[in-house]
Amino acid sequence: MTIVLWICIGLLALAIVVGLCRVLTAKDMGSRAIVGDLVYFSAIGILTFIAMLVDLSIVLDVIFLSSMLGILATVALSRIQTRGHR
Amino acid sequence: MMNPFRAIGYSLWIGKEIVTGTVDVLTGIFKAGEYGRPMIVELPLRCETDVEITLMASSITITPGTLVVASAAADERSRATLFVHALFGESEADVLEGLYEMEDRLLHMTRGRKPEPISSWTAVQRPSGEAGSTERSAQ
Amino acid sequence: MIPDTLAITLVGVFGITGSAIVLLCAVAMFRANDALSRINVFSPATGLAMPLILLAAYIYTLWHDGFSLTRLFMAVAGFLALIVVSSVASNVLSRSTFAGGAPVWRHTSPNRLSEAPGDEDAGLTEYESTLADFDIDDSEH
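Residue numbers (my numbering), protein chains in the order written: chain A, 1 to 86; chain B, 87 to 225; chain C, 226 to 366.
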């Protein structure tokens with residue numbers, strides 16, 4: 001089980017690294033916002049797998065709450081993009 | 087009122103579309119050349135209520151490869167319109183055909199009957215929206 | 226409740242598939258050319274990969290703690306929320322990306338938004354003009 005979880009964590013960490021490399025070359029705001037989303041969801045996945053790794057009992061709570069509240073970051077970034085207009 | 091069995095069937099169909107769209111997106115990585123063939127198509131909707139339009143926009147966006155970019159509200163001259171960014175269509179007609187199939191299934195779910203076929207009004211596009219509107223209001 | 230081998234296999238299959246899809250989405254974002262395409266290729270990650278990771282987490286809970294109605298409710302609600310919420314979030318983000326004047330890749334053809342007459346998307350053009358006014362006010366300060 002430990003090996004499987006470490007493989008998952010490694011893949012997600014690699015996804016974050018690839019996304020951050022792309023942010024360095026893309027200059028427009030929309031790309032940065034969507035890469036921020038990618039990093040958010042990858043981090044949630046990593047947290048879930050770490051919770052499994054150390055036998056925490058909040059495995060489902062993490063992903064349940066973050067899926068409900070994930071929209072807040074995206075909406076905030078899109079409001080920033082349009083400078084406060086809807 | 088909405089038939090729950092149709093809602094379940096529509097959800098399963100959306101799930102199938104998500105999987106096939108994911109395969110499209112992921113196989114596109116390994117093809118040489120530029121990634122995808124992006125296009126922005128205009129989709130005049132047969133949906134009328136706000137719930138139908140919202141469901142349609144969400145269904146389009148959750149399917150990988152298509153994304154709603156902008157929307158225009160219905161007025162007396164034209165119907166509600168979505169502008170859809172499609173990444174993996176062969177041509178504009180191909181993309182529109184897939185979207186109309188999704189709309190067919192959606193309206194069959196919400197209204198309990200099939201909407202009028204596209205051929206009766208699809209020729210009535212942006213240049214003259216009047217004929218389509220009068221036909222719709224006559225019903 | 227579930228034998229160890231089966232639990233490890235299922236968690237491995239779903240977890241690794243989900244993580245691999247997220248990674249491949251990141252690669253696809255790397256290859257895409259404009260912001261709209263990037264938002265477009267991100268929907269497999271939220272629509273398929275995150276539900277798969279949620280499924281892996283639920284199977285792990287089932288194996289570790291046993292069945293519980295609260296956990297089942299959490300898993301189902303999280304599953305639905307992931308799909309609906311991520312779809313709405315992508316809608317909001319793509320609309321604001323376009324309205325905020327992000328560049329669209331020049332090979333996007335046909336581009337009906339650039340051809341549409343002014344009255345067709347009246348809300349959008351009016352919106353952009355107010356944004357431009359705001360820009361001028363901003364620079365005066």
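What the hints contain is simulated information worked out from the structure, not anything from laboratory work. Keep in mind that this is a model prediction, so the values were computed, not measured. All C-beta atoms in this analysis are idealised placements derived from N, C-alpha and C, irrespective of residue type, glycine included. Where hints are given, some of them may not hold.
Simulated restraints, written as ranges between beta carbons of each label pair [what the hints assert, rightly or not]:
1) 162/B <-> 27/A: 28 to 36 angstroms
2) 161/B <-> 335/C: 43 to 51 angstroms
3) 134/B <-> 73/A: 44 to 52 angstroms
4) 339/C <-> 79/A: 34 to 42 angstroms
5) 163/B <-> 69/A: 40 to 48 angstroms
6) 335/C <-> 119/B: 14 to 22 angstroms
7) 231/C <-> 84/A: 21 to 29 angstroms
8) 163/B <-> 50/A: 27 to 35 angstroms
9) 13/A <-> 238/C: 49 to 57 angstroms
10) 231/C <-> 202/B: 24 to 32 angstroms
11) 10/A <-> 162/B: 28 to 36 angstroms
Some residues of chain C that are not near chain B, with every Cβ distance over 12 angstroms (derived) [claimed, not checked]:
12) 227
13) 259
14) 290
15) 294
16) 302
17) 335
18) 338
Tested hints:
no. : hint                                : verdict
1   : 162/B <-> 27/A: 28 to 36 angstroms  : violated (42 angstroms)
2   : 161/B <-> 335/C: 43 to 51 angstroms : violated (24 angstroms)
3   : 134/B <-> 73/A: 44 to 52 angstroms  : violated (34 angstroms)
4   : 339/C <-> 79/A: 34 to 42 angstroms  : violated (25 angstroms)
5   : 163/B <-> 69/A: 40 to 48 angstroms  : holds (41 angstroms)
6   : 335/C <-> 119/B: 14 to 22 angstroms : holds (20 angstroms)
7   : 231/C <-> 84/A: 21 to 29 angstroms  : violated (52 angstroms)
8   : 163/B <-> 50/A: 27 to 35 angstroms  : violated (56 angstroms)
9   : 13/A <-> 238/C: 49 to 57 angstroms  : violated (20 angstroms)
10  : 231/C <-> 202/B: 24 to 32 angstroms : violated (51 angstroms)
11  : 10/A <-> 162/B: 28 to 36 angstroms  : violated (58 angstroms)
12  : 227                                 : holds (24 angstroms)
13  : 259                                 : violated (7 angstroms)
14  : 290                                 : holds (28 angstroms)
15  : 294                                 : holds (21 angstroms)
16  : 302                                 : holds (15 angstroms)
17  : 335                                 : violated (6 angstroms)
18  : 338                                 : violated (5 angstroms)
Going through the hint list in order, the structure does not satisfy hints 1, 2, 3, 4, 7, 8, 9, 10, 11, 13, 17, 18.
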